[in-house]
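Asker: Given the coordinates of chain R, work out where chain G should sit on it, guided by the hints.
Protein chains: 2
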Amino acid sequence: MGAWESNVRKVTPYVPGEQPWQSNVIKLNTNENPYPPSPAVEKALREMTTGTMRKYPAVDAQPLVNEIAAFYHLKPEQVFVGVGSDDVLAMCFLTFFNSDRPILFPDITYSFYDVWAELFRIPYERIPLDEAFQICPQDYFRENGGVIFPNPNAPTGELLTPEKAEEIISRNQDVIVIVDEAYIDFGGKSVLDLIGKYENLLVVQTFSKSRAMAGMRIGYAMGNEKLIAYLNDVKYSFNSYTMNEAALALGTAAIRDRTYFEEITARIVKTREEAKRRLADLGFLVGDSKANFLFVTHRTHPAKAIFEALKEAGIYVRYWDKPRISNHLRITVGTDEEMEQLYAFLEKYLRN
Amino acid sequence: MGAWESNVRKVTPYVPGEQPWQSNVIKLNTNENPYPPSPAVEKALREMTTGTMRKYPAVDAQPLVNEIAAFYHLKPEQVFVGVGSDDVLAMCFLTFFNSDRPILFPDITYSFYDVWAELFRIPYERIPLDEAFQICPQDYFRENGGVIFPNPNAPTGELLTPEKAEEIISRNQDVIVIVDEAYIDFGGKSVLDLIGKYENLLVVQTFSKSRAMAGMRIGYAMGNEKLIAYLNDVKYSFNSYTMNEAALALGTAAIRDRTYFEEITARIVKTREEAKRRLADLGFLVGDSKANFLFVTHRTHPAKAIFEALKEAGIYVRYWDKPRISNHLRITVGTDEEMEQLYAFLEKYLRN
Numbered sequence: 001m002g003a004w005e006s007n008v009r010k011v012t013p014y015v016p017g018e019q020p021w022q023s024n025v026i027k028l029n030t031n032e033n034p035y036p037p038s039p040a041v042e043k044a045l046r047e048m049t050t051g052t053m054r055k056y057p058a059v060d061a062q063p064l065v066n067e068i069a070a071f072y073h074l075k076p077e078q079v080f081v082g083v084g085s086d087d088v089l090a091m092c093f094l095t096f097f098n099s100d101r102p103i104l105f106p107d108i109t110y111s112f113y114d115v116w117a118e119l120f121r122i123p124y125e126r127i128p129l130d131e132a133f134q135i136c137p138q139d140y141f142r143e144n145g146g147v148i149f150p151n152p153n154a155p156t157g158e159l160l161t162p163e164k165a166e167e168i169i170s171r172n173q174d175v176i177v178i179v180d181e182a183y184i185d186f187g188g189k190s191v192l193d194l195i196g197k198y199e200n201l202l203v204v205q206t207f208s209k210s211r212a213m214a215g216m217r218i219g220y221a222m223g224n225e226k227l228i229a230y231l232n233d234v235k236y237s238f239n240s241y242t243m244n245e246a247a248l249a250l251g252t253a254a255i256r257d258r259t260y261f262e263e264i265t266a267r268i269v270k271t272r273e274e275a276k277r278r279l280a281d282l283g284f285l286v287g288d289s290k291a292n293f294l295f296v297t298h299r300t301h302p303a304k305a306i307f308e309a310l311k312e313a314g315i316y317v318r319y320w321d322k323p324r325i326s327n328h329l330r331i332t333v334g335t336d337e338e339m340e341q342l343y344a345f346l347e348k349y350l351r352n
Numbered sequence: 001m002g003a004w005e006s007n008v009r010k011v012t013p014y015v016p017g018e019q020p021w022q023s024n025v026i027k028l029n030t031n032e033n034p035y036p037p038s039p040a041v042e043k044a045l046r047e048m049t050t051g052t053m054r055k056y057p058a059v060d061a062q063p064l065v066n067e068i069a070a071f072y073h074l075k076p077e078q079v080f081v082g083v084g085s086d087d088v089l090a091m092c093f094l095t096f097f098n099s100d101r102p103i104l105f106p107d108i109t110y111s112f113y114d115v116w117a118e119l120f121r122i123p124y125e126r127i128p129l130d131e132a133f134q135i136c137p138q139d140y141f142r143e144n145g146g147v148i149f150p151n152p153n154a155p156t157g158e159l160l161t162p163e164k165a166e167e168i169i170s171r172n173q174d175v176i177v178i179v180d181e182a183y184i185d186f187g188g189k190s191v192l193d194l195i196g197k198y199e200n201l202l203v204v205q206t207f208s209k210s211r212a213m214a215g216m217r218i219g220y221a222m223g224n225e226k227l228i229a230y231l232n233d234v235k236y237s238f239n240s241y242t243m244n245e246a247a248l249a250l251g252t253a254a255i256r257d258r259t260y261f262e263e264i265t266a267r268i269v270k271t272r273e274e275a276k277r278r279l280a281d282l283g284f285l286v287g288d289s290k291a292n293f294l295f296v297t298h299r300t301h302p303a304k305a306i307f308e309a310l311k312e313a314g315i316y317v318r319y320w321d322k323p324r325i326s327n328h329l330r331i332t333v334g335t336d337e338e339m340e341q342l343y344a345f346l347e348k349y350l351r352n
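Read top to bottom, the protein sequences are chains R and G.
Under the numbering used here, the letters of the first sequence match residues 1 to 352, in that order.
Under the numbering used here, the letters of the second sequence match residues 1 to 352, in that order.
This is chain R alone, in the form it adopts within the complex (with noise of 0.2 Å):
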């Protein structure tokens, strides 16, 4: 070992779902959208040319920002853009986590949380969920030093009420209080209208699950102007130009298709309702996720088999060999069609 390695910064990295490259694979596994990115990103992406590309990229990410604002009816000032909601997630915790006291947040959720809290030196504090898997918000009624959890929450998919949110984000006005939307476009109800009644809120969002654009890398942060401008210190001390020309050009034509957005995730939503059912008929416990994605254990048949024989006949689900969750399997709501391949499966590998 050479001397500079004591120097290095050494971390366990976050590891994302598999990304297999056959194209006759069914990819229920890393909570994609099904269905393409809305006609309009196809029209922006025909209208681009390269002549530009030689210069810089808007350094304050316009026109997206703008876009992203009056889709929620907010000023531009309270909007933060970065390179998918993990960019934006990550200068969240370098900027406003920076207590002595540990950071909160829940034991089954998404696992990048301890990840950054380890890359930063954040000391942090796993609160177990309730056995329902639910978030108790007494349990995050005490000192700390910020407060993350996802609504819905992952992988369970279980909503928090927004009432219920609120009391978190209320009792806790000496931190930031980080609630990652990631997946509240299907069917939650977001706590942004609370950004005006709480400084410390920051609601994080993303293009990648309901606008189907995880390939283009576009989160977004919304909160109050100070806290944006806090983000966006941090932001221009690590990279002043993230969003490359076409994130721009894409993701501005995509939130503007407030139609389309609304079209698909609907369908997701009704696919989901029907999986739940059908899941159940099958002798799975299916959780009452409203994500797109649903947190499942089987009655008699070991979780972990499952996803091998699933893999094994070319159907990529989620699995973690992981304290209380190590019997449950994160399935992504595909399109009717890959929903049915699943089940027709499922069918016949738990008659045996």
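FYI, nobody ran anything at the bench for these hints, they're computed from the structure.
Hints are supplied without guarantee of correctness; some may be wrong.
The list treats identical chains as one, so a pair stands whether inside a single copy or across any two.
To be verified - Simulated crosslink set (DSSO-like; lysine-lysine; CA at most 30 Å straight-line):
id, residue 1, residue 2
1, Lys55, Lys43
2, Lys189, Lys348
3, Lys43, Lys197
4, Lys10, Lys197
Answerer: Frame of chain R, contents of chain G only:
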């Protein structure tokens, strides 16, 4: 002030050069390439479709990493890519500069280095360039937590010979030495062939200058496999997917077109050498820049006044009100036509 504000990381961000949006401006202030990207990039853009954008992009940034590796006759495991070289450098600071000892860089250099050091709370020391604005290798022969310098240096454009750069690398084998070669393609000789010899050497380059793609945000680092693996661990602990589909597709097309790249860099070098003569004739002292910009000071007219007069006339160059360089201007090499307009204005202005 809310109590939460005490935990905010407060920083003084890097200030990039202005991006005026008037179309009639001559923009010689941010070292952009005056030529468009390769026609191969336009072709790749025409071949892109949005259908696959619903999925996450390749987590390993393929095929871009492979193509960069092929261009430089390296293994893909020796190449790291990021959202512009700023993202790459930020990741390097976070990964490698974790000593209690100060990292070293020149006093006159890329003004993002101290911003990253402040952001990540890395101790640092600025090593003065000599009177001729040259880096003196022996100044870096001392205990430190890492070394970084641009070659050619910015904003001076002065090039360190590979022999002198090697002295700095070889005398600092207990720490990481980063050679920031953003401008190396305009006539400098890279230290890339030393990465096999020195485990502690990381070479950083970018598509923003010589490949005319600042708008697409693509930078890369090259080093031994162990360094790149450490860098990737930190990157994957920050954001799983940083390179969007468009950056991957267009970047791959750009690096494949060696002919166009060589043609436009040669053209810029030719314009730069002509500019040295023309500006000297106008009474400027002109450094021997090997970059796509010139660093100049006028014998009689103050730089700040020239800067403001140029701006007034719609010609943007870069000026810093900083110690040692407050009477200098950095002028990006534009097209021959743009440079003629610059000379014409200066000729008239300096006559007064």
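Asker: The structure should be examined with respect to each hint, and the outcome stated for every one.
Answerer: Evaluated hints:
1. Lys55 with Lys43: So Lys55 and Lys43 pass the 30 Å test inside a copy (23 Å) and across (19 Å) alike.
2. Lys189 with Lys348: neither (38 Å within a copy, 64 Å between copies)
3. Lys43 with Lys197: neither (39 Å within a copy, 50 Å between copies)
4. Lys10 with Lys197: between (40 Å within a copy, 24 Å between copies)
This entry does not satisfy hints 2 and 3, going by the numbered hints stated previously.
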